[in-house]
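There are 2 protein chains.
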Amino acid sequence: MSLFPPTLEILIDKFASLPGIGKKSAQRLAFHILARDESEVKAFAEALLLAKQSIYRCRVCQNLTDTELCPICSDPRRDSKVICVVSDPKDVVALERGREYQGLYHVLHGVISPMNHVAPDDLMIKELVARVAEGEVEEVIMATNPDTEGETTARYISRLLKPFDVKTTRLAYGIPVGSNLEYADDATLMRALEGRREF
Amino acid sequence: MSLFPPTLEILIDKFASLPGIGKKSAQRLAFHILARDESEVKAFAEALLLAKQSIYRCRVCQNLTDTELCPICSDPRRDSKVICVVSDPKDVVALERGREYQGLYHVLHGVISPMNHVAPDDLMIKELVARVAEGEVEEVIMATNPDTEGETTARYISRLLKPFDVKTTRLAYGIPVGSNLEYADDATLMRALEGRREF
Chain A
0 MSLFPPTLEI LIDKFASLPG IGKKSAQRLA FHILARDESE VKAFAEALLL AKQSIYRCRV
60 CQNLTDTELC PICSDPRRDS KVICVVSDPK DVVALERGRE YQGLYHVLHG VISPMNHVAP
120 DDLMIKELVA RVAEGEVEEV IMATNPDTEG ETTARYISRL LKPFDVKTTR LAYGIPVGSN
180 LEYADDATLM RALEGRREF
Chain W
0 MSLFPPTLEI LIDKFASLPG IGKKSAQRLA FHILARDESE VKAFAEALLL AKQSIYRCRV
60 CQNLTDTELC PICSDPRRDS KVICVVSDPK DVVALERGRE YQGLYHVLHG VISPMNHVAP
120 DDLMIKELVA RVAEGEVEEV IMATNPDTEG ETTARYISRL LKPFDVKTTR LAYGIPVGSN
180 LEYADDATLM RALEGRREF
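Protein sequence lines correspond, in order, to chains A and W.
Letter by letter, the first sequence follows residues 0 to 198 in numbering that gives the first Met the number 0.
Letter by letter, the second sequence follows residues 0 to 198 in numbering that gives the first Met the number 0.
Mixed in with the good hints, there may be bad ones.
In this list, chains with the same sequence are indistinguishable; a pair is considered to hold if it fits within one copy or across any two.
Claimed, not checked - Distance condition first, Cα-Cα at most 20 angstroms in a straight line; then the derived SDA-like pairs of lysine to any residue: (1) Lys89 to Pro4; (2) Lys22 to Glu39; (3) Lys161 to Pro4; (4) Lys41 to Thr6; (5) Lys23 to Pro70; (6) Lys41 to Glu8; (7) Lys89 to His31; (8) Lys41 to Ala25; (9) Lys80 to Arg27; (10) Lys41 to Gln52; (11) Lys41 to Ser53; (12) Lys161 to Glu133; (13) Lys41 to Asp12; (14) Lys22 to Phe163; (15) Lys22 to Asp87.
Keep in mind that the hints were calculated from the coordinates and are not lab data.
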């Protein structure tokens, strides 16, 4: 005998299928849903469907958007000569928060990772090469994460872009602003020394 | 400028409105939804609505059910002379897991908690008194949590049931089976001593 009614069990299973949510949390969330007003639950269900149905990848930069061309690609004030390559839409948000970068983006939607069976063809790399091949781009900034997979992906792409007349650069490594030297790891310290600049 | 498309922001907000899910986790969940097949997202949305619309409280024991009378209350093999009072539907599941208890349940849907503005009238206490008043019940087992609020609620209810010819009992306190005396807290040890039984 199943202990919760079937429709409740199904909802618990749905929550438990989300990443990082175990059986116990899924139960807690399902009970929370039952305690909500029906109109709120309806709004939640609609938000799920609407997001899924209305969000596409931008035709140019592959970032998530609800228009054919994303707001950044369609902004004439942005510098279309510079492309910043990131692995994830969240990285665009992080970079935009700085309000400094004026170029465009290219979202790979992942990194090359043999361990997780992600090959270059699974990423939006062909689309990047096609953008660069058009000839307008002058610089491609690699801004994948500073870990092994991010690094490998950045190198792979910069090698692919060699034939084109384009500068490829990498985000600087170093001590995070506001952090404490004492707690910096060795690899970061070495990179910070290597990358030292004159005042 | 909002950085994610509006429909995505709405979905992130919906996830963030769930208990225990912060802004970062909500983003992760929303991105996960975008990566799922549309049919799966549809199934999730339907599960939300269906659970909300089809789950009621059992007319008798107030446990969650999708029928007017829950499977336990409508099972003729259960002993209707004993009612076990719990604060939460999850506690019924925990007790049923033991496959030992043969009586019925009564779910309070909370505990008396002045701190959280939960008064006795907010709980299913009147419904319990009405069941006992019918005269068929011989024993009411208080199985609220062994904390201050659970204890207060159990005492409050047992006082309410005094006028009726019914035995009220409390789950035994003591050392959990399989645990280590060394790590038991003082209060539990004292209760275990108090409640000691002859072999």
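Hints, one by one, checked against the model:
{"no.": "1", "hint": "Lys89 to Pro4", "result": "between (38 angstroms within a copy, 12 angstroms between copies)"}
{"no.": "2", "hint": "Lys22 to Glu39", "result": "between (23 angstroms within a copy, 19 angstroms between copies)"}
{"no.": "3", "hint": "Lys161 to Pro4", "result": "neither (61 angstroms within a copy, 34 angstroms between copies)"}
{"no.": "4", "hint": "Lys41 to Thr6", "result": "both (16 angstroms within a copy, 15 angstroms between copies)"}
{"no.": "5", "hint": "Lys23 to Pro70", "result": "neither (40 angstroms within a copy, 23 angstroms between copies)"}
{"no.": "6", "hint": "Lys41 to Glu8", "result": "both (19 angstroms within a copy, 17 angstroms between copies)"}
{"no.": "7", "hint": "Lys89 to His31", "result": "between (28 angstroms within a copy, 12 angstroms between copies)"}
{"no.": "8", "hint": "Lys41 to Ala25", "result": "both (19 angstroms within a copy, 18 angstroms between copies)"}
{"no.": "9", "hint": "Lys80 to Arg27", "result": "neither (50 angstroms within a copy, 31 angstroms between copies)"}
{"no.": "10", "hint": "Lys41 to Gln52", "result": "both (16 angstroms within a copy, 10 angstroms between copies)"}
{"no.": "11", "hint": "Lys41 to Ser53", "result": "both (18 angstroms within a copy, 14 angstroms between copies)"}
{"no.": "12", "hint": "Lys161 to Glu133", "result": "within (14 angstroms within a copy, 86 angstroms between copies)"}
{"no.": "13", "hint": "Lys41 to Asp12", "result": "both (19 angstroms within a copy, 14 angstroms between copies)"}
{"no.": "14", "hint": "Lys22 to Phe163", "result": "neither (51 angstroms within a copy, 41 angstroms between copies)"}
{"no.": "15", "hint": "Lys22 to Asp87", "result": "between (28 angstroms within a copy, 17 angstroms between copies)"}
Checked against the numbered hints given earlier, this structure breaks hints 3, 5, 9, 14; the rest are met.
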